[in-house]
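Novice: Each chain, written out:
Protein chains: 2
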Amino acid sequence: MEKRTSANIKDVAALANVSTATVSRYLNGNLARMSTATAERVKDAIEKLKYVPNSAARQMITKSSQLVALIVANTDDYFSTELFKGISSILETSGYVATMFDSDSDIHREQSLLATVNRHTFDALIVQPFSSPAEITDIMRRDIPIVIVDRETPGSPWPQVVTNNFEAAREATTYFVDQGYTHFIVLTSELDAATNRRERYRGILAAASHVDVVEVSESSYNHKAVHQQLTTLLTASNERTVIFALKERWLLEFVPNLVLQGYLDNTRATATGFADTSTARRLEPRMKLISQDPFLLGASAAEVMVNELTGHPERNRPVVIVPAKFG
Amino acid sequence: MEKRTSANIKDVAALANVSTATVSRYLNGNLARMSTATAERVKDAIEKLKYVPNSAARQMITKSSQLVALIVANTDDYFSTELFKGISSILETSGYVATMFDSDSDIHREQSLLATVNRHTFDALIVQPFSSPAEITDIMRRDIPIVIVDRETPGSPWPQVVTNNFEAAREATTYFVDQGYTHFIVLTSELDAATNRRERYRGILAAASHVDVVEVSESSYNHKAVHQQLTTLLTASNERTVIFALKERWLLEFVPNLVLQGYLDNTRATATGFADTSTARRLEPRMKLISQDPFLLGASAAEVMVNELTGHPERNRPVVIVPAKFG
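Line order of the protein sequences matches chains B and L. Each residue of the first sequence is one higher than the last, beginning at 1 in the working numbering. Each residue of the second sequence is one higher than the last, beginning at 1 in the working numbering.
Calculated directly from the structure, the hints in this document are not laboratory data. We treat Cβ as the ideally placed atom computed from N, Cα and C, and that holds for glycine. No incorrect hints appear here.
Computed far set for chain L versus chain B, every beta-carbon distance over 10 Å:
| no. | residue |
| --- | --- |
| 1 | I90 |
| 2 | V226 |
| 3 | N266 |
| 4 | E303 |
| 5 | V306 |
No more than 20 Å apart at the CA atoms, straight line, and that leaves these computed lysine to any residue pairs for SDA-like:
| no. | chain 1 | residue 1 | chain 2 | residue 2 |
| --- | --- | --- | --- | --- |
| 6 | B | K85 | B | D293 |
| 7 | B | K50 | L | A134 |
| 8 | L | K43 | L | V18 |
| 9 | B | K288 | B | G262 |
| 10 | L | K50 | B | D138 |
| 11 | B | K288 | B | T174 |
| 12 | L | K224 | B | R282 |
| 13 | L | K50 | B | D143 |
| 14 | B | K224 | L | R281 |
| 15 | B | K10 | B | K50 |
| 16 | B | K85 | L | D106 |
| 17 | L | K325 | L | D276 |
| 18 | B | K224 | L | R286 |
| 19 | B | K85 | L | K85 |
| 20 | L | K48 | L | S24 |
| 21 | L | K10 | L | K48 |
| 22 | L | K85 | B | H108 |
| 23 | B | K48 | B | N17 |
| 24 | L | K224 | L | V214 |
| 25 | L | K85 | L | S278 |
| 26 | L | K224 | B | R281 |
| 27 | B | K85 | L | N74 |
| 28 | L | K48 | B | T137 |
| 29 | B | K325 | B | E152 |
| 30 | L | K43 | B | S132 |
| 31 | L | K85 | B | D104 |
| 32 | L | K85 | L | L296 |
| 33 | L | K43 | B | T137 |
| 34 | B | K288 | L | N257 |
| 35 | L | K288 | L | P323 |
If you anchor each label on the Cβ, the simulated ranges turn out as follows:
| no. | chain 1 | residue 1 | chain 2 | residue 2 | range |
| --- | --- | --- | --- | --- | --- |
| 36 | L | G327 | B | V213 | 33 to 41 Å |
| 37 | B | E190 | L | S89 | 20 to 28 Å |
| 38 | L | S217 | B | E92 | 18 to 26 Å |
| 39 | B | R202 | L | S219 | 33 to 41 Å |
| 40 | B | D178 | L | S209 | 52 to 60 Å |
Start from the sequences and build out the full structure, keeping to the hints where you can.
Specialist: Here it is in structure tokens:
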């Protein structure tokens, strides 16, 4: 419920005897470098004039909201939230504000959120998608800049900023093979649901011969049952075995018990995987992990987006690779 | 950049020979229970009519965006993201969509985000605030429903949904005192920055006599230095000692090394604190913890908000308490 008013920011600045920039700083809550007296004058002028910055009206004219929508797969993942922080840090230097939507790893939910973004006056969209480019194009009927992040999306008409999932997984697998590990247990969410998981799996297959897969459903899984599956596979052969988690969540969920119960001695068996938090490293300090840099991934996506928004779009829809680190 | 058009949803429904509800489902990406033929007809009609749902224009008329802004302290905290999921789950049943902003535990940043929410056509605001009610009122010049969540905010003119921080901390402390623990090391972020931390600290002081405090700066801290501080305090006295983390992050950060190095044997010394993830429980399965239910906290805040939005505001601005569990 916005109050209607005819006063504009110039009227407020004039009445308060300050610059419109000062009024704008006040409206943005940047009171840090503003004297209390000035802030008071601006506040009084705003109240006297019943001035309300009317974004809906302004958007009708400028068609700009300065808001950038981010749709991530799961806000519970440190990866998603660091992505958000990286995106925000860069966008804000260009006067944009990022806001995050959660698809909860559900493609229908993602498509409903895409429709919400399409219906509202967001200036741009950064998405970590489950949907295909065709599905996204069908829903996003407004012509706003889009950047794909994290999920390699073949045939995307938009720029992509992703990790070298295949290479990083192959490199790590090769390291363990050189160490004499021959058996790999891939611990993952549904492989078919996301391209980056499939790329990681392909990277492991490219370097290892004996590979088992344990798929865990993100929505419903039984910790005991999965733990049992893992210990059975760990004890089935005499080979030196690596549990390879394609997602940090599963590393945090299952490795502590395996360590406590003595299954992971870092000789007969060890664990590795994609993990970004300091918690994962402290579970078993000797464990080697693949770290992406989600903050950097987000910052890079935002840099591409700023170019799109300021009319300097990247040529021929590039795929920007942010390499992961192993060690 | 919205395309202008005069066609409306009725025109699309008529041309596609479907109900407006079907068009709406299509626009919302809910294609699950829709035949491909129907979806195709709606798509063709939308393209033929160059129909674009123009939210800015609609908002000028209905003054409603169906968007609810959530401002949390730190999206990296599982607490904040579960809060978001709880809020989303309830709001969506009433046709609202929640979107999350991150104040990054910075009061100036929070106030800048409040100004952003004020300037745009969000229908409502749920905030986990650092700012005082007076500061929030100064910035939020639009008359939209506001609900405070998680942070007890004395003198709030808005409903609050919070945890029983004082009681939960006192109850846990009393348990350990009864077990013969006499020395408590409070591990926390800056105590003065947030009311819920102060309430938890007060709860510990209400039940314990010998209490030390180790404050960790969220923005910049040295893991080794804090670890050193803790081990020094742990070995300073012969008393049975409890490390009491007021924030899960610090439990995850410092407990694993203390366990590995044998400082926490659950007899001479143990650890407890506020922690919600399964990871925290698996660090040391014998550890007793205080669990809030951030999802329930969010869902409860959303229930209060839906009442505000549907014109059934709670009487006399209630404080809804969602109790934490210890064990």
